[in-house]
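Student: Let's have the full structure, built from the sequences with the hints guiding it.
So the protein lines, in turn, are chains P and E. With this note's numbering, letter number 95 in the first sequence gets 95, and the count goes up by one each step, no holes. With this note's numbering, letter number 86 in the second sequence gets 197, and the count goes up by one each step, no holes.
Misleading hints may appear alongside valid ones.
Said to hold, decoys possible - Cβ pair distances, simulated, as ranges: (1) E:T125 to P:S53: 47 to 53 Å; (2) E:P173 to P:G59: 30 to 36 Å; (3) P:R41 to E:R168: 26 to 32 Å; (4) E:N182 to P:S26: 37 to 43 Å; (5) E:E193 to P:P8: 42 to 48 Å.
Source of the hints: derived by calculation from the structure; they are not laboratory data. Please read these numbers as outputs of a predicted model, since none were measured by experiment. We treat Cβ as the ideally placed atom computed from N, Cα and C, and that holds for glycine.
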Amino acid sequence: QKEVEQDPGPLSVPEGAIVSLNCTYSNSAFQYFMWYRQYSRKGPELLMYTYSSGNKEDGRFTAQVDKSSKYISLFIRDSQPSDSATYLCAMRGTNAGKSTFGDGTTLTVKP
Amino acid sequence: EAGVTQSPTHLIKTRGQQATLRCSPISGHTSVYWYQQALGLGLQFLLWYDEGEERNRGNFPPRFSGRQFPNYSSELNVNALELEDSALYLCASTYRGDVQPQHFGDGTRLSIL
Chain P
1 QKEVEQDPGP LSVPEGAIVS LNCTYSNSAF QYFMWYRQYS RKGPELLMYT
51 YSSGNKEDGR FTAQVDKSSK YISLFIRDSQ PSDSATYLCA MRGTNAGKST
101 FGDGTTLTVK P
Chain E
112 EAGVTQSPTH LIKTRGQQAT LRCSPISGHT SVYWYQQALG LGLQFLLWYD
162 EGEERNRGNF PPRFSGRQFP NYSSELNVNA LELEDSALYL CASTYRGDVQ
212 PQHFGDGTRL SIL
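Tutor: See the structure below:
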């Protein structure tokens, strides 16, 4: 079983919709949680970075972490066609080192 | 501030050949991480270098190797290339021992014919 499971998608929504992207994990050592956005033929771009349980908001993006349930989410409000990309969740422990990634969810926002 | 830069952008090889991929971290970053992203899959951790030393290695065969130079740039070498090595190879960097998130380059796409 993978340490990080991400809702596979693909996801297609109309412009302006609220999007919910989700990951679950099994390793209790994970303490830092990231969401990356990856456009075609590009590297992952950091969107959100959180440490503790709770919500963190940045513009139209909200990251939610529930450590008790080992569940993280990314919400996108007022989605735009430019949000069309693959979204990757990632996690790491307290020791500097590798991050463990989900397989990604491909989102298409239709005008 | 320049981001992580990787070269070449695309590399085409045949089975059995050797490939060398290069990465320059963000200025001031001393840790470099290599990941493999096969088509449609997430990132698989390959190697972590810090201060010139290999600190951690993912579940890949020994024909995947690398090094970090005194200026903190890094090379990934893949020997005896196999068809399944075709993937996007991504490099990321952070400050030493930093748990801040990794910043990625745009990768080298390695195609094995």
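Student: Which of the numbered hints are not met once you compare them with the structure shown?
Tutor: Going through the list in order, the structure violates hints 2 and 5 and respects the others.
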